[in-house]
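Colleague: Here is what each chain is made of, one letter per residue.
Number of protein chains: 2
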Amino acid sequence: MIKDPLVVFTPSGKRGHFPVGTPVLTAARQLGVDLDSVCGGRGICSKCQITPSYGEFSKHGVHVEDNALSEWNSVEQRYQDKRGLKSGRRLGCQATVQGDVVIDVPPESQVHKQVVRKAASARAIMMDPATKLFYVHVDEPNMHEPTGDFERLERALKEQWNIDEIQCDLAVLSKLQTVLRKGKWQITVALFKDHTTKTPRVIDVFSGLHEQGIFGLAIDLGSTTVAAHLTNLETGEVVASSGIMNPQIRFGEDLMSRVSYAMMNPGGDREMTSAVRDAINTLIAEIAQEAGIATHLIMEVVFVCNPVMHHLLLGIDPVELGQAPFALATSDSLSLFAKELDLSAMNPSAQCYILPCIAGHVGADAAAVALSEEPGNSEDLVLIVDVGTNAELLLGNQTRVLACSSPTGPAFEGAQISSGQRAAPGAIEKLEIDPITKDPRFRVIGCEKWSDEDGFWEETSASGITGICGSGIIEAVAELRLAGLMDENGLIGSAEAAGTERLIPEGRTHSYVVHDGTAEGGPKITVTQGDIRAIQLAKSALYAGARLLMDEMDVDVVDRVVLAGAFGAHISSKHAMVLGMIPDVPLDKVQSAGNAAGTGARIALCNVGARQEIETMVRQITKVETAIEPKFQEHFVAANAIPHKTDPFPELNKIVTLPNVNFNAGSGGASNDGGRRRRRR
Amino acid sequence: MIKDPLVVFTPSGKRGHFPVGTPVLTAARQLGVDLDSVCGGRGICSKCQITPSYGEFSKHGVHVEDNALSEWNSVEQRYQDKRGLKSGRRLGCQATVQGDVVIDVPPESQVHKQVVRKAASARAIMMDPATKLFYVHVDEPNMHEPTGDFERLERALKEQWNIDEIQCDLAVLSKLQTVLRKGKWQITVALFKDHTTKTPRVIDVFSGLHEQGIFGLAIDLGSTTVAAHLTNLETGEVVASSGIMNPQIRFGEDLMSRVSYAMMNPGGDREMTSAVRDAINTLIAEIAQEAGIATHLIMEVVFVCNPVMHHLLLGIDPVELGQAPFALATSDSLSLFAKELDLSAMNPSAQCYILPCIAGHVGADAAAVALSEEPGNSEDLVLIVDVGTNAELLLGNQTRVLACSSPTGPAFEGAQISSGQRAAPGAIEKLEIDPITKDPRFRVIGCEKWSDEDGFWEETSASGITGICGSGIIEAVAELRLAGLMDENGLIGSAEAAGTERLIPEGRTHSYVVHDGTAEGGPKITVTQGDIRAIQLAKSALYAGARLLMDEMDVDVVDRVVLAGAFGAHISSKHAMVLGMIPDVPLDKVQSAGNAAGTGARIALCNVGARQEIETMVRQITKVETAIEPKFQEHFVAANAIPHKTDPFPELNKIVTLPNVNFNAGSGGASNDGGRRRRRR
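Residue numbers (the numbering used here), protein chains in the order written: chain A, 2 to 682; chain B, 2 to 682.
Hints may contain errors.
Just so you know, same-sequence chains aren't split out, so a pair can sit in one copy or run between any two.
[What the hints assert, rightly or not] DSS-like cross-link-like pairs, simulated, lysine-lysine; straight-line CA separation at most 25 Å:
(1) K159 with K199
(2) K183 with K159
(3) K199 with K340
(4) K199 with K185
(5) K194 with K340
(6) K15 with K87
(7) K176 with K340
(8) K575 with K439
(9) K525 with K431
(10) K60 with K15
(11) K431 with K4
(12) K15 with K4
(13) K159 with K185
No lab work stands behind these hints, which were simulated from the structure alone.
Work out the full structure, taking the sequences as your base and the hints as a guide.
Modeller: What follows is the structure in structure tokens.
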């Protein structure tokens, strides 16, 4: 008896014997090889492209003859003529097995393809979205079998895709008859099924084969900004990213002032809810236009946000989040219709997933960071810091993960800073102070040069030098300390004491002039004593939160620190440590994770398994409530000082150790270092 | 060993031994006795009232001592003081078993109580609604366990009611925190779970024990009228019934003219959809006001309607229903949020159930009739006729059920009749013509007397005599035939030929003057030749539909006829048979089922099992499409004649057999009787 030909698929290595004439797609399906197909093998969608290899394959023990697959057929030729196939490619539904063969499934033909991410440390995103496309032939109606069009669609999905039961809403039902007739009873169905779905839901139907793609949005809804990534749900590709300011800012800069607004103003929560929903609709319309796609092709949205934003997005009065015991209305993840949130700038049946909250102060944004950074899979002890208007902290390793939130306020985002501004062209983002001359050099957003390099002033003439953004103010404060212009209590000295005209009196305190643009009609950019106090409060809160988690974990040191958030991407680790924002670790153990919350949202958008994963993870995280832990207050007070008078990492720049200039020797500053002493022992 | 006391429950007869001290409610639950409780045995809701019996019960083999139950306790006393308990009643959750005892569960304490219906033949409605109340104690939040309020409610339902998983929408979530705190963590949950629900859904939450009841609406959405029954979902009691005209009438009197309107006017379907939805909202607000209940207590609505109304209610363009093959967009039942239909005058989370359609011309209204009348359970062959603007017919017995629809038009509802009007005070609803004098006597709606009885004119002076309603016109036409004023072709004779001045010329034909109120400023009410033609067309369509089903069933006679619909309740069976509207059966085999479609809606509202039942039933019904059956046309033409020149039931009245007056002997009328001949053989 002659054995059926052997078919070996790469890269999976799956193999089996199949009768001559078996389509490659059929063989792949029977072996569970990850080979895509929307049209179900009708030679229409071309998703099942494969690359046969010919010759000797000692690894697989196969010799592949040139005629191992059937000849190029008319369907393939038609596709070739119309769209073109890459050299060596065949359509898996057309090519049939004729002899032993080795077949490669290229990444773009895999359903569960991996999406490449930039950051090397970041986890890969495996595509397994909740919404997928299915092409079907639906039986025409006839008088003798009076079932509805929807019921015949249901039957087609059962027969052609083995999908058992479906549901849909009225938006789909009301267009179904037209779409079926226009498509001559051949339509593409966008079907949604996530980990909570018991019956798959038709999100939309398209006449014929739908080739314009389907999309989803990953939205990081922050107190200050709303950032969205529009993602192709078939390829995982981010086709556009965009952000806008959160319009709720007019009701209060930080979360607690918005909660207060809701408390003080009847209906205030509803005002804020509609403001943010309107803004999201605007953002969606803009991002779709930028990407050049129709908004009805957006089938899903995933949100991550802090608890107050979470409640305001959902239309829940956040008043309970403003007072102990900070009870969330709901902490679990939510699966909704996007239209329940009045998100009309999407497909009318679009689905919405909101990640679970960890606690009343640690929201779905922190959960998303956990999903992206996976502290629970870390072998060493990692501290993940996501700094926004509130800072969320995660500390953990494979044994245990802890979480807390710390009220840093908006200073790190450049708000409540005299010359502060958000990160935009013209904002100072990096700054060094020469320890000898006490003069600064700096860089502004939108220009690659330092201010003391040739061409800087020409290149920045358009934007001007307009202010200091969050990362700039951190560096400025740290550099003031390193340059000996400020003592460990954060007090700026006088021009006389420090020997520089850059220190100018301002009321009973002093300010440091970074840049005086008044001659050119620009602003005079200074760092005031008030700015330093704001940064001290913020960094103390952040540090105290980290200490509290370390106490709970019973450790004095962490192995590495991950800085998440837009801020984390731009901050200088060295300056953060000089300031005492984060515990000291070797500088190469400080990583930036970029917008980890946004990445977590993207992961949940692209992979339904990740939704299950984060829900399980959140239940296992130990929550630490900073607001009721007396030790938080202790750590907070103790962390007020700016201890490093010398650069802890002198090898990294030319700034050398300075003599300590203590402007206020009588203040007993040294004893303020309690929060850090323990770690040094 | 002394045996535990024996507890016997009546009327179920369930019995078991329970340890001394077992609460009666606990014993009932363990035995599966149907004893209600909303508060879960906390002595709050008083739903578990029982009546212990004392003395000798030879039937049960028990002697019950006076102290067989524990003593009356303070909880019972408190309830007695506050609300009063019927004599002999105890609270099942308070009274504990002390000795052998016989306990009666009165109907009002049964969850699955039967609802009394008026019609003797009608099936009983067993209460088992989808929405039920559950009283729970929810744990308070604390800082150490940061779950959301909803998650703690979920846990409470699991622990206290063994309900595993729940979901809710944002309307509930947004009020939950306030309701919990106002109720001091004790709330009543209205939970929806029908046969399709995989996860029960919270419809609403109430602080403390909710005692104002929860309600549902059964709505019969007809082409001409919309009728609603507001039903208490705990007791099954109909607390108010109300109806309004379907405002879509302005787009077309009958279904096909509305479909045409949608075809001819872009957006016309949407106009009709919002018109009917607005009208339903108005109806709901009115009926709630009439019953004195808040609209948010309406948790459910069940709709029955014909296919065109079905699509227009759902917002689906009915254009496909206007042309072969009459494809429904969907035929299965639908479970929706009421708000998806813009029904805002209800609880914001209210659920909507729409019965399945049988075919493109036989809608959910016919399914509801089938649910109410159960032809598939009938031992004899029953023809069920539901006459509205379209007539739906069901023919069947335990072996098989057939269904079809017949385009009768609105004549039976008094529309397209010269003096026609809808059934309202002042409308002639009954009419007899004296075969000798040829003068009529009649009754009008709103007065119990005949027009030749003393006091009639005084009692009708307020309403006046304004027109003829559907049942009146049937009787008028039949009586014209019986009085010999009209031949079997439906042609009215002249005054000369018939010897009465009541026949007056009108163009080339004649009319019969029923009542001339012009002297008093009222209308002159006549039956014109046109009216007779309209009734002939309508009755031919109806009769042809019945014949078609009988052909399909291969029978010449049916055993009984059920007349459903408002019309069916008022029509005289004798006159219907004189006209030839329905096949001849003995007069005592013609029953009126009242508004059977509305009753079917009520059954589906009160009992989730009935929803499953009708869905199964609909799949088993054989659909017959009148529009494509050539025999329908044959039957229709043949049924045009009005064959009975003599009263087929002379014993029922004083009208005696008359000589046949054939005004038009040349018309060959006799051969027009083909449709009836077969049955007579």
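Colleague: Compare the structure with each hint and give your call.
Modeller: Here is how each hint holds up against the structure:
{"no.": "1", "hint": "K159 with K199", "verdict": "both (16 Å within a copy, 20 Å between copies)"}
{"no.": "2", "hint": "K183 with K159", "verdict": "within (22 Å within a copy, 49 Å between copies)"}
{"no.": "3", "hint": "K199 with K340", "verdict": "both (20 Å within a copy, 22 Å between copies)"}
{"no.": "4", "hint": "K199 with K185", "verdict": "neither (30 Å within a copy, 35 Å between copies)"}
{"no.": "5", "hint": "K194 with K340", "verdict": "both (18 Å within a copy, 23 Å between copies)"}
{"no.": "6", "hint": "K15 with K87", "verdict": "within (24 Å within a copy, 76 Å between copies)"}
{"no.": "7", "hint": "K176 with K340", "verdict": "both (18 Å within a copy, 19 Å between copies)"}
{"no.": "8", "hint": "K575 with K439", "verdict": "within (19 Å within a copy, 113 Å between copies)"}
{"no.": "9", "hint": "K525 with K431", "verdict": "within (17 Å within a copy, 97 Å between copies)"}
{"no.": "10", "hint": "K60 with K15", "verdict": "within (13 Å within a copy, 74 Å between copies)"}
{"no.": "11", "hint": "K431 with K4", "verdict": "neither (70 Å within a copy, 88 Å between copies)"}
{"no.": "12", "hint": "K15 with K4", "verdict": "within (18 Å within a copy, 68 Å between copies)"}
{"no.": "13", "hint": "K159 with K185", "verdict": "within (19 Å within a copy, 50 Å between copies)"}
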